[in-house]
Amino acid sequence: MHLELSGLTKSFGSLVANDHIDLVIEPGQIHCLLGENGAGKSTLMNMLYGLLQPDSGEIVIDGEKVAITSPRDAIGHGIGMVHQHFMLVPVFTVAENIMLGRENTHAGGVLDRKKAHALVTELSDRYGFAVDPDALVENIPVGVQQRVEIIKALTNDAKVLILDEPTAVLTPAEIDELIAVMRQLKDNGTSIVFITHKLKEVKAIADKITVIGRGKVVGSAEPSASEEELAELMVGRAVDLVVNKEPAQPGDPVLRVEGLTVIDERGFTAVDAVDLEVRAGEILAVAGVQGNGQTELAEALLGLTPIAAGTISLDGADLSHRSTRQRLDAGIGYVPEDRGHDGFVGSFSVAENLVLDLFRQAPFGTGLALRTDEIDRNAAARIEEFDIRTQGADLPVSSLSGGNQQKVVLARELSRPLKLLVASQPTRGVDVGSIEFLHSRIVEERDRGTAVLIVSTELDEIAALADRVAVMYRGKVVGVVPSDTPRDELGLMMAGASQREAEVEATENPTTLGTI
Amino acid sequence: ACGSKPAEDSASGGANKDFKACMVSDSGGFDDKSFNQTSYAGLQAAVKEKGLTEVKAESKSDNDYPTNMTAMVQAGCKIIISVGFKLEDATDKAAQANPDIKFAIVDSAPAKPIANVKPLGFNTAQSSFQAGYLAAAMSKSGKVGTFGGIKIPPVTIFMDGFAEGVRHYNKQKSKNVQVLGWDDAKQSGLFTGDFEDKAKGQNTAQNLITQGADIIFPVAGPAGLGGLQAAKASNGKVNAIWVDTDGCESAAEYCSVLITSVKKGMDVAVQDAITSVVDNKFDNSQFIGTLENGGTSLAPFHEFDSLVSAELKAELEQLKADIVSGKITIASKAQPKAS
Amino acid sequence: MSNDTATEPQQPPAPASPVREPGRGGLPGWAVQGLVSLSAIVLALVVGALLIIVGDDEVKTAIGYFGAAPLDTLSAAATAVGEAYKALAVGAVGGLNPIAESLTQATPLICGGLAVSLAFRTGLFNIGAQGQLIIGAILAGYVGFAWHLPPVLHLVLAVVAGLVGGAIWGGLVGLLKARTGAHEVIVTIMLNYVAIYLLQWLLTTSAFKRPGREDPISPIVDANAQYPQFGDTRLHVGFLLALVAAVFVWWLLNRSTIGFELRAVGANADASRTAGMSVGRAYIVAMLVAGALAGLAGTQQVLGTDLPLTDGVAATIGFDAITVALLGRGTPLGTVLAGLLFGALNAGGLQMQLQTQTPLTLTTVLQAVIVLFVAAPALVRSVFRFLPKERGTGAVLAKGWNG
Amino acid sequence: MSHTTTPETVRVPAPAAIEGPADRIRRLRVGGLMVVFALIGLGLAIFTGGGKATFQLTSGDLENNLLGVPAQPVALLLGALGLVAAVAYVLRRVPQRYAGWLAVVLGVCFIGAFLCWAAAGKTFPLANQFQGTLNFATPLILGALAGVLCERAGVINIAIEGQFLVGAFTAAVVASTTGSAAAALVAAALTGVLMAALLAVFSIKYLVNQVVLGVVLVVFASGITGYLFDQFLQEDAENLNTPAVLSAVKIPGLGDIPFIGPILFNQTVLVYLTYLAVAVVTFVLFQTRWGLRVRAVGEHPKAADTVGIKVKRVRYSAVLWAGVLAGLGGAFFTVGYAGSFSKEMTAGNGFIALAALIMGRWHPIGAMVAALFFGFATQLQSQLQIIQTPIPGELLLMAPYLATVIAVAGLVGRVRAPKADGEPYVTE
Ligand SMILES: Nc1ncnc2c1ncn2[C@@H]1O[C@H](COP(=O)(O)OP(=O)(O)OP(=O)(O)O)[C@@H](O)[C@H]1O
Ligand SMILES: Nc1ncnc2c1ncn2[C@@H]1O[C@H](COP(=O)(O)OP(=O)(O)OP(=O)(O)O)[C@@H](O)[C@H]1O
Ligand SMILES: [Mg+2]
Ligand SMILES: [Mg+2]
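Quick mapping for you: the protein sequence lines, in order, are chains A, B, C and D.
Mapping of the first sequence onto the numbering used here: residues 1 to 516, in sequence order.
Mapping of the second sequence onto the numbering used here: residues 517 to 855, in sequence order.
Mapping of the third sequence onto the numbering used here: residues 856 to 1258, in sequence order.
Mapping of the fourth sequence onto the numbering used here: residues 1259 to 1686, in sequence order.
Hints should not be assumed to be uniformly reliable.
Claimed, not checked - Lysine-lysine pairs mimicking DSS-like chemistry, simulated, CA-CA at most 27 Å apart:
no.: 1; chain 1: B; residue 1: K702; chain 2: D; residue 2: K1310
no.: 2; chain 1: B; residue 1: K536; chain 2: C; residue 2: K915
no.: 3; chain 1: B; residue 1: K853; chain 2: C; residue 2: K1064
no.: 4; chain 1: C; residue 1: K915; chain 2: B; residue 2: K609
no.: 5; chain 1: A; residue 1: K159; chain 2: A; residue 2: K186
no.: 6; chain 1: D; residue 1: K1568; chain 2: A; residue 2: K115
no.: 7; chain 1: B; residue 1: K797; chain 2: B; residue 2: K609
no.: 8; chain 1: D; residue 1: K1380; chain 2: B; residue 2: K689
no.: 9; chain 1: B; residue 1: K656; chain 2: D; residue 2: K1380
Hint data in this document are derived by calculation from the structure and do not stem from the laboratory.
I would like the entire structure built from these sequences, with the hints used as guidance.
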């Protein structure tokens, strides 16, 4: 199928998210879209999929102009999409999610669950996905959820498949599998639009690369272009892809975790007798596929999740049963993994969010009274310092782009003296330009003597920041390794291999990305 | 097809058109199938009889009493009737401020008599006593039942009289007819908790019926209608006695199950109070409706006329005479005190 | 994320310079909102007029011979509506006394509305203002008539008792929610019933009954415990307290650390917890203060307008307060304005029934329809096409049940 | 060792020896409450009078079919059993799976002991207890089901009370004017739909906050039915407000089952419709295409949209069908049971239905159980007022409401609404 977008324009209020974008997707082509956060990639794809209506411009399929006013139309035209934010109903089973919208029914609209079951089994066999049709989506790891999303898109026999940041939550091995599936689809003549922030992936699979910036097509590149070239095309300036950091000067242990066990709400063991130690002036990265207990580990450190066993101590003081507020006051800074959910209050202004955990302390709060002038002054300083791109400190944070929202959270946490910084996924979904800045700020904090614990699923990020790496699998720490451990080896440990097994396997079976 | 225009109504009565007879309801409203509604009927009757102008104000809440009272004063009312004890304070205040206007208040009395306020009280315990006696006599199961809306004296006075009447019957006839739903000695019994929920009233009555009661005496305004419905649904096994008005008139659909009603003659009392002002005969003496003056009475038996034996009818007459003469005294504390 | 999805679409991403409608003089946001609200009231009056016409006796008669003299029907209709609305207007704002009456009616509505608003801003749906008001009234009333104290002191104590009563009844809801997760909607509905039955019971006890009376009515509170009145009107100092309460709520929400916490919890409980706030404590504090505000409304009922305690002391204020808060979009100023509007409608409605025998239920319909239209500016705009577009439809209050 | 990560759930159930803190808190809370009730039950048993407690097993028949039990021994037995259950719960003496049953055992024991105490030396109409429970619960069930349908689709429905009122009103008027019960039910359902349409249009099309809307619609319904009552029904009650009430229809066979037969299967059409509604709503929600879509738009409308489901249309249909149920629930108050209409006659039942639906965790069966629980408590207090127990009547009147608070705080705990409940779906 030959797909042509011409002059697509979309604005939200005064913001032009897409400004006359032209794009051609050839049959059987893997077309990569690159661009900073908020460049307009998802907006463009959402218009193609009928979720958003363009203000102007047209979509032409096989030479014919078509109107796509709803996802229904898009599906009808053979377009499938895997969305950046999962479009799965968490309380439904995998089978229910997959049948939703095109249910097979018996007489009277009664669901034919058998057929749905068979379909899931068939597709997951065909593509080598092992997915249990009866599992509730909210109970399966994100990696598997991603597969469900892909199965959903595939069941429609899409001729054009849009994948919007599908790899953000996958392990290197899973990414490899996905790349294999994409190749298989391409060989069958399916065209694919692939959006990602990971330049390695782009180089591995793209037939064509289009870069979008501030709502416009700002250039295109060949897969042969170097990562640095691509990054520069995206950000508009040269970008340091490696963080320049001095070797760590670790001091005394600051955080000590012993036998920490967390049981989640459903009665499952999320963190299983974990021992960890983080020293002043070092960055310990906790690596692992999402859902292996890192989230709960970080939350337990902050007292957001009650612990079932074990101790947490900071500078020798036992914090295991302190409240979150006491831990923050004791000098822990926290950047939560899901910023929109836990990191800020979307309807609050930038200024208010910059004091979300400081508002009680002088100078912002004196007694019962809130000093709004001080809050504003603080906002001006932080916005300047962290280069937060906003049109005003009084605007709601929800109106900022993802990267800038993340800067707000980090700016807040770094604006007070810390002993320990816990940062989960500090740069998830953030573009390379912002990543560069955020990383350097974290290293700066380390060099100031703060103990830093990073939780990340991104091997790039781990490679860039970590002094030591702890790999978690099924709630346990399977090993603590130096930061220069090869990525394939880390990837295998994230899948449960011990360090020794990983070493052997990685040399025998290198992955695509590991070798680029 | 449309009719023709009626001729202008030729000044009907007209005699006292500028005499405004006014009434303020309590928060139950004029459609409460109870005392507001009956009192209003009295107002309408007086207006018709004397050719007056009526003004009425319903109160949605307690806050509205003083407002409505003031508005009535300003409207130039000659007499203002307030309905219910909750209006006492507002009435007294307005009366003292406006000695030229006459007032009457239903079911209440100022603590100290006020020259231009006529209290209208009703000793419905007397006729309820008769009703209790009648019910006891008519009961085949030997159990009669009663329930109220909320436990307040205007409600419990009926229940008291009813229970005492049953007891009197037992003593006279050496029977043991039981009253379910009210223990007048302990002043505790069965209440629905409001005056609105008809379904609840019906269920409550049903519970009495299950316990064996075959005559129901609901004292719960519209919710009490549910009790009549329960009787009706029993297909003749259970009958009822209504309160305030003659149920065969105010709730005609239930006439077939109504042995009689305990009438509280608010309509007549209100009408009299108004006409006394028109005729310049107003006095502030307390009116207490009794069996003697007809201010409370048993309604006709209507469809049960043939079922109530002549003997029983005679006994009821005798009861009346005995109560009037003081031979029978009624204990209920809810009876209006003569001031 | 999901917490904000309802509000987000209305927030333009970059309103550095206020977004203006092309070709239209930029009216400030509040003016636009005012215009829309005014139009909503006009629309509601039209609906009310239809009901008046349908229910009017003269019109009913005239319609009987519509064919013979159609103009009669029209003129009868016009007269009916005209007279009713004239009475409504006069009763609401036609002179000093009517205005005082409107303000008196508005007083408890404002406090009750604030109680609902404050809880809303904390993400709680307080259907329990009614019960909180009742308990407040019970305590304030009891202190007012059973104790005999010198001026000022007596009033202060009675008011404090009312605040405490309301706070207990509200705080209980917050406590249960914080400790056990019990849904506040269920608990407040149930506690409303408990409160009214409690009051009915207390009124049968000798501690509450007026001496010499068997009726369930308490004595009127001592003069020392009454809010001083303004001149001959029924308007009393409680009204000023209501305004003070509104200012207090504004300060609490916008200028205090507690309010910061409450708002944060209301807007995103997860992020608040992550930032070290105690969500449970916020619920308790919010419900305590909300309860106290409703209790204040209770004091205004028993200490302000010469009302003794009866089982009708709360009327439907606690429920009307919800509508008032919603109409006021959960802000203190909005709540005051909405309270005033409802107070005026109540006062005017009484006058309307008096002069034209229009049932009070019409006022109820009017109030509902006004709120309905104010809440749906898009609908109003589709009728009055000249209205400028509003920037955002204002704060969306309580979101879903998940808070 | 292969490259693929294992697909099954990452988490393993915690070993039984370790209890999650959340579970622990819940166990202590529920357990504490159970112990308190067990002790109250035992205390009542100790103070139970001598003689027999008689339970009447056939409604309306005081002579036959009585079950007499020695009050105190039975009460003591039940009290002790209840205490055992409570203690077993607190001490985790049964596998987690069966722990819930301990609460049920305790509940039954407590009520049994309580009844023995209350009915010692008296007769307690047991059959009537269940009959009354059903009567009180029927409109609540219909209302709560209406709420379930709406809210599963993502539209909060506080307006049940308003839908009740208009349903009750039209049913009364139509039954009076046409004399046809069927017509009355249809009319009630239709006006329920009309109110629901207001809810739907204003929430789905005009994006009005649904909590606001619900409250306002209740006020509106109360105003409009009140106004029409004042202006029309009041004046011409004979023709407009004397509906015939549905009569009970005994189901052959089922109606003859001892004890439960007369209670469950000698009822009006409306009650049968209610049973049917529970079954149908449960089935439709969880087993049909439409139900799947309704739940999808209530949980994650955007996900539904991306697979081609017309979110708004599904929401409209769910809200309107809910209107049918709520309208029928309203009809119960007039033609279904009590006859003529009077102002505000639904007396807050719509709000109780709302509470039932939340307490029932937005599940049709749960909502029904909650409604029955409330009906049971209400009926029990009414019956206890008649047989005269030492409990003051005033306290009894509050009891159903207090019981609900205790149940919600103690047993139900945190509930989770459909994720998108109350959130309008906006596309750009
Ligand atoms: N629904 C919306 N309303 C208003 N503005 C929006 C909306 N959706 C996106 N935007 C804005 O449009 C711009 C483009 O957003 P888009 O989601 O297309 O970016 P993106 O390129 O996909 O970014 P990312 O890499 O972070 O996913 C952003 O500035 C964003 O703030
Ligand atoms: N209504 C809106 N108004 C303004 N900006 C919006 C709106 N909706 C979304 N955005 C912004 O659009 C950008 C892209 O939206 P998107 O939903 O892709 O989130 P995101 O931040 O990119 O998420 P992630 O970090 O998980 O990739 C974000 O910066 C978000 O803040
Ligand atoms: Mg995107
Ligand atoms: Mg992104």
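Next item on the list: Determine which of the earlier numbered hints do not hold for this structure and return their numbers in increasing order.
Entry: Hint 4 is the one this structure does not satisfy, whereas the remaining hints hold.
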